[in-house]
Amino acid sequence: MNEEERQEILKRIPPDWLAEFEAAARRPLEQRMKYAFIKTYRPVMDDAKYRSFDTMKEYREWCRRELPDWLGYGDL
Amino acid sequence: MATFEYKQAEEVRDAFERHGCRYLFIGKSGAILLGFPDTTQDADVFVEKSTKNGEALVAGLRDMGFTVTDEQAVEIKRGKDFVQLKNGPFDLDLIFAPDGIEKFEDAWQRRVDVQGFHVCNLDDIIASKVASNRPKDRESLPRLISFREYWRTYLK
Numbered sequence: 005m006n007e008e009e010r011q012e013i014l015k016r017i018p019p020d021w022l023a024e025f026e027a028a029a030r031r032p033l034e035q036r037m038k039y040a041f042i043k044t045y046r047p048v049m050d051d052a053k054y055r056s057f058d059t060m061k062e063y064r065e066w067c068r069r070e071l072p073d074w075l076g077y078g079d080l
Numbered sequence: 052m053a054t055f056e057y058k059q060a061e062e063v064r065d066a067f068e069r070h071g072c073r074y075l076f077i078g079k080s081g082a083i084l085l086g087f088p089d090t091t092q093d094a095d096v097f098v099e100k101s102t103k104n105g106e107a108l109v110a111g112l113r114d115m116g117f118t119v120t121d122e123q124a125v126e127i128k129r130g131k132d133f134v135q136l137k138n139g140p141f142d143l144d145l146i147f148a149p150d151g152i153e154k155f156e157d158a159w160q161r162r163v164d165v166q167g168f169h170v171c172n173l174d175d176i177i178a179s180k181v182a183s184n185r186p187k188d189r190e191s192l193p194r195l196i197s198f199r200e201y202w203r204t205y206l207k
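Chains P and V, in that order, give the protein sequences. Throughout the first sequence, residue numbering follows this note's numbering, covering 5 to 80 in sequence. Throughout the second sequence, residue numbering follows this note's numbering, covering 52 to 207 in sequence.
No lab work stands behind these hints: they were computed from the structure. Beta carbons: idealized from backbone N, C-alpha and C, even for Gly. Just to be clear, a hint being listed does not mean it is correct.
[Said to hold, decoys possible] DSS-like cross-link-like pairs, simulated, lysine-lysine; straight-line CA separation at most 27 Å: (1) K154(V) / K43(P); (2) K38(P) / K137(V); (3) K137(V) / K187(V); (4) K61(P) / K58(V); (5) K100(V) / K38(P); (6) K100(V) / K53(P).
[Stated by the list, open to error] Far from chain P by the CB rule (all over 12 Å, computed), these chain V residues: (7) A66; (8) H70; (9) F87; (10) E106; (11) D114; (12) R162; (13) V165; (14) N172; (15) I177; (16) D188; (17) E190; (18) R194; (19) E200.
[As the list claims (entries may be wrong)] Residues of chain V placed beyond 10 Å of chain P at every Cβ, according to the derived structure: (20) R73; (21) E99; (22) S101; (23) A178; (24) R185.
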């Protein structure tokens, strides 16, 4: 990929996102991870120490049935 | 319960390495390791489903301080499709059959290694989110797809 092709691709990225990607690329991984992982309480989801599901289908159904919609794990 | 940070990712990498467990960071946590600037609560690993790998996985989890009962160990070794662990030093989701990815071996061949962390390729992370089709995935997809474009130019 030459510089012209690279610039063409970068032009398609919204400028605010591009600025964020470039800022992140300048930070070491350790610092990026410090900013990226957050911990807030999620009702139901965080109320058990261990859960397992035989199939992903079963897991998705459990999410739809049990979790509040606003957590974003349900259907579109 | 500690928030997942670089140190915890190192623990995962090193414990799984010691026991020979084949894993790949996946989901937004994988994308973050590849440089995607976003936030997440979850550290997700895609684990190869096999008896041998299951044994290595359980040994690695116990090394890290997860409380895995014998009954849970049997389940994990057998390879459930999805296991959620909140019984250790940090939360960890084990995914044995992510939506949108046919076989572990294919994803392993396409993986990206970042500072010794094995990470799913962005194509696989995106494919998995597209297949999951949950609101939270759909929300992050346009930005993640743009990041893939950026990432590709960055690599070449």
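Status of the hints after comparison with the structure:
For the hint linking K154(V) to K43(P), the alpha-carbon distance of about 31 Å lies beyond 27 Å, and the restraint is violated. Straight-line distance between C-alpha atoms of K38(P) and K137(V) comes to about 20 Å, which keeps the hinted pair within the 27 Å bound. Note on K137(V) and K187(V): the hinted pairing holds, with a Cα-Cα distance of about 21 Å set against a maximum of 27 Å. Of the supplied pair hints, the one linking K61(P) and K58(V) is violated, its CA atoms being roughly 33 Å apart against a limit of 27 Å.
Between K100(V) and K38(P), the direct Cα distance comes to roughly 30 Å. Violation of the 27 Å bound is thereby established for this hinted pair. Taking the CA atoms of K100(V) and K53(P), the gap is near 22 Å; set against the 27 Å cutoff, the hint holds. Even its closest Cβ contact with chain P, about 17 Å, leaves A66(V) beyond 12 Å, as expected for a residue assigned away from the interface. Non-interface status of H70(V) relative to chain P is upheld: no Cβ of that chain comes within 12 Å, the nearest being about 20 Å off.
Consistency note on F87(V): stated as away from chain P, yet its beta-carbon is not over 12 Å from all of that chain's, at 7 Å minimum. Listed as outside the interface, E106(V) is consistent with that label: its C-beta sits roughly 17 Å from the nearest C-beta of chain P, beyond the 12 Å cut-off. Residue placement check: D114(V) keeps its beta carbon more than 12 Å from all beta carbons of chain P (closest about 18 Å). No Cβ of chain P comes within 12 Å of the Cβ of R162(V); the nearest lies about 16 Å off, and the non-interface call holds.
The claim that V165(V) is not at the interface with chain P is violated, since a C-beta of that chain comes within 12 Å of its own (minimum 7 Å). The claim that N172(V) is not at the interface with chain P holds, since no C-beta of that chain comes within 12 Å of its own (minimum 17 Å). The Cβ of I177(V) lies farther than 12 Å from every Cβ of chain P, with a closest approach of about 15 Å, so its non-interface assignment holds. Not every Cβ of chain P is farther than 12 Å from the Cβ of D188(V); the closest lies at roughly 8 Å, contradicting the non-interface assignment.
Not every CB of chain P lies more than 12 Å from the CB of E190(V), the least distance being 7 Å, so the non-interface label is violated. Residue-level check failed: R194(V) sits 6 Å from the nearest beta carbon of chain P, not beyond 12 Å. At roughly 5 Å from the closest C-beta of chain P, the C-beta of E200(V) falls inside 12 Å, breaking its exclusion from the interface. Here R73(V) stays apart from chain P, with its beta-carbon at least about 19 Å from theirs, past the 10 Å limit.
Here E99(V) stays apart from chain P, with its beta-carbon at least about 16 Å from theirs, past the 10 Å limit. With a closest Cβ-Cβ approach of about 17 Å to chain P, S101(V) is found to remain outside the 10 Å limit, as its non-interface label requires. Look at A178(V): its CB is around 14 Å from the nearest CB on chain P, clear of 10 Å, so calling it non-interface holds up. The beta carbon of R185(V) sits about 6 Å from the closest Cβ of chain P, which is not more than 10 Å, so the claim that it is off the interface is violated.
Consistency with the previously given hints fails for numbers 1, 4, 5, 9, 13, 16, 17, 18, 19, 24, ordered from lowest to highest.
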